[in-house]
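Engineer: Read off the chains here:
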Amino acid sequence: MRTFLIRRALLMIPVVLGISIIIFALIHLAPGDPFTHMIEADPNVTTEDYENLLRSVGYYDPLPLKYVKWVGQLLRGNIGHSISYREPVADLIGRRLSNTLLLAIPALCLSTIIAVPLGVISATRQYSIFDYIVTIIAFIGISIPAFFFALLLVKYIAFDLKLFPISGLSTIKSGFTGIRLVFDKLHHMALPITVLTFVQVAGRMRYTRSAMLEVVRQDYIRTARAKGLSERTVIYKHALRNALIPIVTILSVSLGRLLSGAVLTENVFNWPGMGTMVYKAIANRDYPVVMAGTMVLALTMLLANILADILYAFVDPRIRY
Amino acid sequence: MGTLLRVRNLITSFNTSEGQVVAVNGVDIDIKEGRVLGVVGESGCGKSVTSLSIMRLLPKSNGIIAAGIIEYNGQDIVQLSEAEMRNIRGNEIAMIFQEPMTALNPVLPVGEQIGEALEIHQSLTLKSRENRLRCIELLKMVGIPRAEEIVDEYPHQLSGGMRQRVMIAIALSCHPRLLIADEPTTALDVTIQAQVLDLIRQLKKQLGMAIMFITHDLGVIAEMADDVIVMYAGKIVEEADTYTLFTNPRHPYTQGLLASRPDKMKRDEKLHCIRGMVPSPLDMPPGCAFAPRCDHCLPACYQAMPRLKDIEPNHRIRCWLAEQGCNN
Chain Z
0 MRTFLIRRAL LMIPVVLGIS IIIFALIHLA PGDPFTHMIE ADPNVTTEDY ENLLRSVGYY
60 DPLPLKYVKW VGQLLRGNIG HSISYREPVA DLIGRRLSNT LLLAIPALCL STIIAVPLGV
120 ISATRQYSIF DYIVTIIAFI GISIPAFFFA LLLVKYIAFD LKLFPISGLS TIKSGFTGIR
180 LVFDKLHHMA LPITVLTFVQ VAGRMRYTRS AMLEVVRQDY IRTARAKGLS ERTVIYKHAL
240 RNALIPIVTI LSVSLGRLLS GAVLTENVFN WPGMGTMVYK AIANRDYPVV MAGTMVLALT
300 MLLANILADI LYAFVDPRIR Y
Chain D
0 MGTLLRVRNL ITSFNTSEGQ VVAVNGVDID IKEGRVLGVV GESGCGKSVT SLSIMRLLPK
60 SNGIIAAGII EYNGQDIVQL SEAEMRNIRG NEIAMIFQEP MTALNPVLPV GEQIGEALEI
120 HQSLTLKSRE NRLRCIELLK MVGIPRAEEI VDEYPHQLSG GMRQRVMIAI ALSCHPRLLI
180 ADEPTTALDV TIQAQVLDLI RQLKKQLGMA IMFITHDLGV IAEMADDVIV MYAGKIVEEA
240 DTYTLFTNPR HPYTQGLLAS RPDKMKRDEK LHCIRGMVPS PLDMPPGCAF APRCDHCLPA
300 CYQAMPRLKD IEPNHRIRCW LAEQGCNN
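First to last, the protein sequences are chains Z and D. Going letter by letter, the first sequence gives residues 0 to 320 in numbering that gives the first Met the number 0. Going letter by letter, the second sequence gives residues 0 to 327 in numbering that gives the first Met the number 0.
Rather than coming from a laboratory, the hints here were simulated on the basis of the structure. We put the CB at the ideal spot given by N, CA and C, even for glycine. Watch out, some of these pointers could steer you wrong.
Stated by the list, open to error - Listed next, the stretches of chain D that the computed footprint assigns to chain Z, with coverage defined by at least 3 CB atoms under 8 Å from CB atoms of chain Z:
(1) 52–60
(2) 86–94
(3) 116–130
(4) 204–212
(5) 294–301
One chain only, chain Z, in its complex shape:
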């Protein structure tokens, strides 16, 4: 296991390098420059000043040199200074990532807790009314775009019924402290978490269902029944443990995807997470934030994959590294 992890960590180096080149290249393919949005509209800035500014930040350096400069700074732990937020990118990402986690982790847990049992019951009662109802709900969940579902919630539950706040992280200038602050946060988290959970439940429940259907056909399930085990033991011990193997893999991958921030959902609820950050940074040509943000997302994806491999070894005794 240890050698496996070391090998995986070493393998990450070329992958990360490749990712950095791609991110760097893509961003430089995009038109515009960092000052486009800041001073373009300002008539007091002459073209000459503008050119000088660009030259001073190294805009006209050859690409390879720019890349080397960037990576050199990264390696020294300096991931840049945001142009539009006017603060170190590291601080910004730290704050945004924790906001995203605040949504991602509960949504991941909730959707798994809901989806796996639903999938199991759906599989054990294949073609029953329960199965059809769950299938229809899953179908809706898969078909409905997250942002649209989010807008529906905002309109009917937040705006019409006023049960939850419409957007944001917490009530501004409320001066809440202690337990009231926590409740206020939870109150704001409820709707975005509902959206993320619902969207994930659908896919994961269908996945669990098909994994279970595959497993219950296996010979060892018949063996378990032949021992006289109760149906509950057969399904939840013998079948589910085997079905968990593929489920754990997709769970880790969706963890990576969740951390990258659900861009649309975060935007609808104006939630200051990774998704909104990267989205706005792109719109503002805030290169340091875009590059650092995408790098962080790529890294979380990689780490999620390693996590999947580790969990794999946990649930499947046949896998030993």
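Following the hints, put chain D in place on chain Z, whose structure we already have.
Structural biologist: Same frame as chain Z, now just chain D:
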């Protein structure tokens, strides 16, 4: 000796997309305490479905016991509730399956898979010391070396023969009175096959259970069984004790099967075979199902199915030749 299992007119069918398929069509079986009944027939003749019907382990979605009684120890188990049936499964009647590679759960250690049966039928708590000791004892009984270590290993760490031994240990863990062995050696190579057969025979002697031994290997039947049933297309076509069946087979199908065995004395001759194919259960010929392949076919054979008729004590065949008194 008392009759342990008495099956009468068992009809098992499956609902498929192409219609209802009758896999077992009116089978009668008697297994006496401590006897070995061999069941032979080609693939698809209903051997396995018969055994799954007895265990009530037919696929729930489409398999049904349409008619008949299955009396175990004087009690009709077709009528039992699922909970009562669970008490019999693995405890009174146990089963070993054909495919040792897939019949064990890959994510549970073998000890736990044996221990589970002990937990439900003998109230030895799983993970308790007694349970573990009993598992090790059972593994030793089926001839597994290093039983103390193997008990914690997973199925993928064992060879096919070892896995089948583990299966046998699971089946025998609660001293069943009837063991159903559904082609237990088919998936093993020949030397391992011989070892496993020896083991089953020795354990039978030791524990005294009755065995229903399903196979398509006549050599195995000759070695293992006291009595034999030959099945064809969901019906019994011949029934006799093993010696009689091998020395005096009377049904043309049995004769064909016995003649098809490769014989080491006749090296360069062509192998005998029964012409034609097993009819599809969706498209059974009227009359005797074997008629289209039979060398002794009479006009009557295409009209109606003959009944299973006694032709001498303990020897019955289902054939118009016997009905009409012909001596083939």
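Engineer: A separate judgement is required for each hint: does it hold in the structure or not?
Structural biologist: Each hint tested on the structure:
| no. | hint | verdict |
| --- | --- | --- |
| 1 | 52–60 | holds (count 3) |
| 2 | 86–94 | holds (count 7) |
| 3 | 116–130 | holds (count 3) |
| 4 | 204–212 | violated (count 0) |
| 5 | 294–301 | violated (count 0) |
Going down the numbered hints, you'll see the structure goes against 4, 5, while the others check out.
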